[in-house]
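*Asks:* Build the full structure now, drawing on both the sequences and the hints.
In our numbering, the protein residues as written are 1 to 608.
Please note that the accuracy of each hint is not assured.
Lysine-lysine pairs mimicking DSSO-like chemistry, simulated, CA-CA at most 30 Å apart [claimed, not checked]: (1) Lys-225 with Lys-345; (2) Lys-526 with Lys-585; (3) Lys-112 with Lys-225; (4) Lys-302 with Lys-112.
Note that these hints are calculated values from the structure, not bench results.
Just so it is clear, the structure is predicted and the values come from calculations on it, not from any experiment.
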Amino acid sequence: MEKQALPASSCSLVLLEETKKSSLLSNGGGVGYPHAAAANGSLVPLTAATEGSGGSGGAGAGPDKKGAVVTGAVPGYPERETWTRQMDFIMSCVGFAVGLGNVWRFPYLCYKNGGGVFLIPYLLIVFVGGIPIFFLEIALGQFMKAGSINVWNIAPLFKGLGYASMVIVFFCNTYYIMVLAWGFYYLIKSFNSTLPWSTCDNEWNTPNCILANARSPIIEFWENKVLNISSGLGEPGHFNWELMLCLMAVWVMVYFCVWKGVKSTGKIVYFTATFPYVVLIILLVRGVTLPGAYTGIMYYIKPDWSKLQEVWIDAGTQIFFSYAIGLGALTALGSYNRFNNDCYKDAFVLAMINSGTSFFAGFVVFSILGFMAAEQGVDISQVAESGPGLAFIAYPKAVSLMPVAPLWAALFFFMLLLLGLDSQFVGVEGFVTGILDLFPGRYYHQYKREIAVAICCLLCFIIDLSMVTQGGMYVFQLFDYYSASGMTLLWQAFWECIVVAWVYGADRFMDDVARMIGYRPFPWMKWCWSFITPCVCLGIFMFHLFNYKPLTYNNMYVYPWWGEVIGWCMALSSMLCIPVSVLYKLFRAKGTFKEVSSSSVEEPVTEK
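*Replies:* Here you go:
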């Protein structure tokens with residue numbers, strides 16, 4: 001009987017790996033490419049689309065339509081659920097990508113790197129790196145109908161990319177939630193007639209708090225009350241029980257947002273992704289009316305050219321962090337799309353929303369910093385720390401100056417909580433999706449999703465306990481600098497482009513995308529995947545490596561050598577997944593190196 005191609009779903013691809021005779025070596029289609037049922041060598045055959053669609057081959061294809069390219073799952077395996085409405089996907093991506101990285105991390109990186117000069121490499125890397133990889137990950141997930149691990153069945157030799165992204169997103173899920181815990185703590189403290197960070201007569205204040213041009217009560221509340229920070233990484237001190245309870249409460253919220261899958265997640269983000277914009281607009285209106293706001297905004301816009309050489313790694317890191325590149329979550333979200341969804345248009349819309357929100361939030365923060373500098377009589381570069389706590393200094397200052405300050409404080413920190421929550425539960429969703437895709441139909445259990453989410457949340461919570469101690473901020477910044485940003489994301493993005501463009505084939509993937517959306521994307525994408533983006537990623541990576549400086553906190557505390565070792569171990573735990581996986585598959589496979597390497601592209605899924 002003539003062989004017919006099955007849908008390119010995660011279930012069918014896993015079934016292929018379990019049933020085919022040789023996962024790496026059997027390749028009758030010549031060097032580099034296997035036999036393909038489609039004329040363009042796609043994993044999804046053209047014949048499946050043309051039989052019943054008048055030969056259109058893609059524009060009308062979808063998992064829920066007759067004669068579509070993707071027609072269902074393998075018998076005995078549950079079909080992959082899809083978004084109830086496509087807007088659910090858009091809002092989930094907005095909620096995930098537009099988060100604390102925009103209103104917290106982007107402003108503090110601008111502040112750290114001399115204001116406007118940071119925007120120059122940022123904008124450049126958005127167009128040569130951010131948007132192309134953002135589109136690649138969504139399209140890959142939508143095409144393969146798989147999470148961050150099984151999606152790399154297109155090139156099994158490089159499946160370590162999937163494991164690397166799982167390690168990165170696990171680290172990100174672990175430390176990112178601490179910002180939510182801090183925000184939840186501030187939210188609770190906002191329900192007082194007088195905001196505790198607006199006065200100097202509290203037990204945690206120092207005598208300097210009352211002196212002119214000295215420390216602000218907001219900074220003292222952050223450092224002495226919330227963090228109660230110790231003198232270094234080697235002095236963890238005792239637990240902050242209030243902060244621990246906040247952390248536990250946030251993890252419970254995340255669990256109940258994620259445990260039922262994208263059907264419920266897609267509804268929640270309609271509120272969590274839109275309400276923050278209302279609060280940001282209100283804060284901007286208030287901020288620009290304060291004395292000194294103009295100075296702050298000019299500091300934000302005007303570049304400090306002396307720092308241009310130093311900002312590239314932070315700019316690249318921020319784009320990849322803010323766009324959620326290399327984490328596997330975008331792939332997971334895209335995998336729940338209809339097959340014929342226009343992911344090309346979605347990628348551009350989402351990228352513009354993401355970067356636009358970052359710029360907008362920068363005006364809010366720097367208008368407040370300008371006011372704080374004018375009030376204290378110091379230069380704006382000295383008004384606050386440039387570390388992760390900047391958002392917990394500038395924003396509380398803004399709300400404390402508004403009428404009915406406790407009300408606005410509660411609204412703001414509720415917004416901060418929502419911004420972080422939707423990013424957090426989509427990150428957890430991406431991690432859990434990748435794990436569950438490894439255990440399809442025959443491992444089916446009625447409550448396996450609920451159990452997997454619970455284990456993930458509990459494990460992350462246990463690790464997070466190290467961040468609710470007096471030395472917790474040092475641990476947090478160690479995670480932020482090494483585990484889920486910087487070189488790890490650049491390394492991941494570099495290999496994603498190489499594998500798709502040079503192993504699977506850039507033209508081949510462009511054809512696959514055209515089969516989904518009905519038209520071929522602009523060639524700029526192919527050029528970026530093949531040449532520009534890998535060079536940008538590798539260039540920034542090498543520049544950072546050659547100009548590496550020991551990690552510091554607040555430009556004062558230098559981390560000890562053993563802290564650096566811990567950080568590098570976290571970074572290498574994901575980076576080494578790729579070469580180790582390649583070597584492992586090469587050594588286990590039979591045949592010559594040429595035979596093994598030439599069969600690194602997955603064969604189409606077939607059945608008799």
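*Asks:* A separate judgement is required for each hint: does it hold in the structure or not?
*Replies:* Now for the hints, and whether the structure bears them out:
no.	hint	result
1	Lys-225 with Lys-345	46 Å, violated
2	Lys-526 with Lys-585	28 Å, holds
3	Lys-112 with Lys-225	24 Å, holds
4	Lys-302 with Lys-112	14 Å, holds
Consistency with the previously given hints fails for number 1 only.
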